[in-house]
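Protein chains in written order, with my numbering: chain E, 1 to 117; chain W, 1 to 186.
Treat the hints as calculated values from the structure; they're not laboratory data. Since this is a predicted model, take the numbers as computed values, not measurements. Do not rely on the hints blindly, as some may be mistaken.
[Said to hold, decoys possible] Computed beta-carbon distance windows for the label pairs: (1) W:Glu11 with E:Thr64: 43 to 53 Å; (2) E:Thr75 with W:Glu120: 46 to 56 Å; (3) W:Ser65 with E:Asn15: 32 to 42 Å; (4) W:Arg93 with E:Thr75: 12 to 22 Å; (5) W:Lys92 with E:Glu5: 26 to 36 Å; (6) E:Leu74 with W:Glu11: 25 to 35 Å; (7) W:Lys92 with E:Asn37: 21 to 31 Å; (8) E:Leu89 with W:Arg93: 35 to 45 Å; (9) W:Arg96 with E:Val111: 29 to 39 Å; (10) W:Lys61 with E:Leu102: 39 to 49 Å.
The beta-carbon is built from N, C-alpha and C at its ideal position, and this holds for glycine as well.
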Amino acid sequence: MNPSEVKKLLISSLNADADPLDVSGRLEKEGISYDFNKNFSEKVLDKLYSAGYNVTREVEFVKTMNFAFYRIALTGVAAIVILLISIFLMEGSLSFNSFLGLSDSYDESIVCLLTGN
Amino acid sequence: MIKGSYSGKTETELVKASLEGDKKAFGEIVTRYQKMVARTVKGMLGDSVFAEDIGQEVFIKLYYSLPEFRGEAKLSTYIQKIAVNLTLNEIKRRKRFFSMFSQKGNNEMFEFEVADSDNEERKEASEIVNKALMAMDPRFRIIATMRMLQGYSTKETAEILDLPIGTVLSRLSRAQDQLRNILKKM
């Protein structure tokens, strides 16, 4: 079957009135078939009936945790960026005093505040 | 417990024996349905080594959910539902991952290996099918996979995907339009 015939077959297979069994049979005849490796069944049984599967599940858990960590980390970074932007907009700079909220305070007023004199 | 050859046993007998802890009976279920699962998983995720892991997960999940299988539907339908759910979850997971950490496009999320074949024409045909499927939207790809690769009717597809027949028919039509556009560019 040449490429244009394959394309026609694929398109016609999605006709509502097409015979799906005929299409899948023809595609299989053309060598378009899928299967797993020869020892697939043994691999599944090994996973099920050996302790190894628990290890795999633990690895899956770690993967999930890593994914969750990335999401949390990204959210954190986004929050920090928003904070920096808001400080910059409110204080007009990103100096150390701006971070502490002291940018528009005089030294005397801080001493007064701390000592009460 | 079933003794002797398992190939002539019915689904019900194999399920019963598996529930009683018969490893070989479950092995027969895997052998009997692995090709069907491969068509769904590899049709949806691409013919890659990675799809094999999902295929294994399907049977592991089946094993743990066998006590819940009441035999109201065919075992093949039950397995197919598990395969579809796991595959769609995997697609969602990859989509999330790629949207966050990679600049890769939708089509590049899926890899596929073209089966070794001496026949150039067959190799080319296999490549066309794989590329076309991977370029489709997952909602339409699942419909195309059920139809083209599994040979399921509209009613069977609706049952497996838990969709009304009308929805399957409309997606079938939209899938055909999308496939036509994809194949035109190839």
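Against the structure, the hints come out as follows:
1. Evaluation of the 43 to 53 Å hint for W:Glu11 and E:Thr64 yields a failure: the beta carbon distance comes to about 33 Å.
2. At roughly 51 Å, the beta-carbon separation of E:Thr75 and W:Glu120 lies within the given 46 to 56 Å, and the hint holds.
3. Taken as a hint, the range 32 to 42 Å holds for the pair W:Ser65 and E:Asn15, whose Cβ atoms sit roughly 35 Å apart.
4. At roughly 19 Å, the beta-carbon separation of W:Arg93 and E:Thr75 lies within the given 12 to 22 Å, and the hint holds.
5. In this structure the supplied range 26 to 36 Å holds for W:Lys92 paired with E:Glu5, their Cβ-Cβ distance being about 35 Å.
6. Between E:Leu74 and W:Glu11 the beta carbon distance is about 47 Å. The supplied range of 25 to 35 Å is therefore violated.
7. Range check, W:Lys92 to E:Asn37: Cβ separation about 26 Å, and the 21 to 31 Å hint holds.
8. As the Cβ distance of E:Leu89 to W:Arg93 is approximately 38 Å, the hint placing it in 35 to 45 Å holds.
9. Between W:Arg96 and E:Val111 the beta carbon distance is about 54 Å. The supplied range of 29 to 39 Å is therefore violated.
10. Between W:Lys61 and E:Leu102 the beta carbons are some 59 Å apart, a value that contradicts the proposed interval 39 to 49 Å.
Checked against the numbered hints given earlier, the structure breaks hints 1, 6, 9 and 10 and satisfies all the rest.
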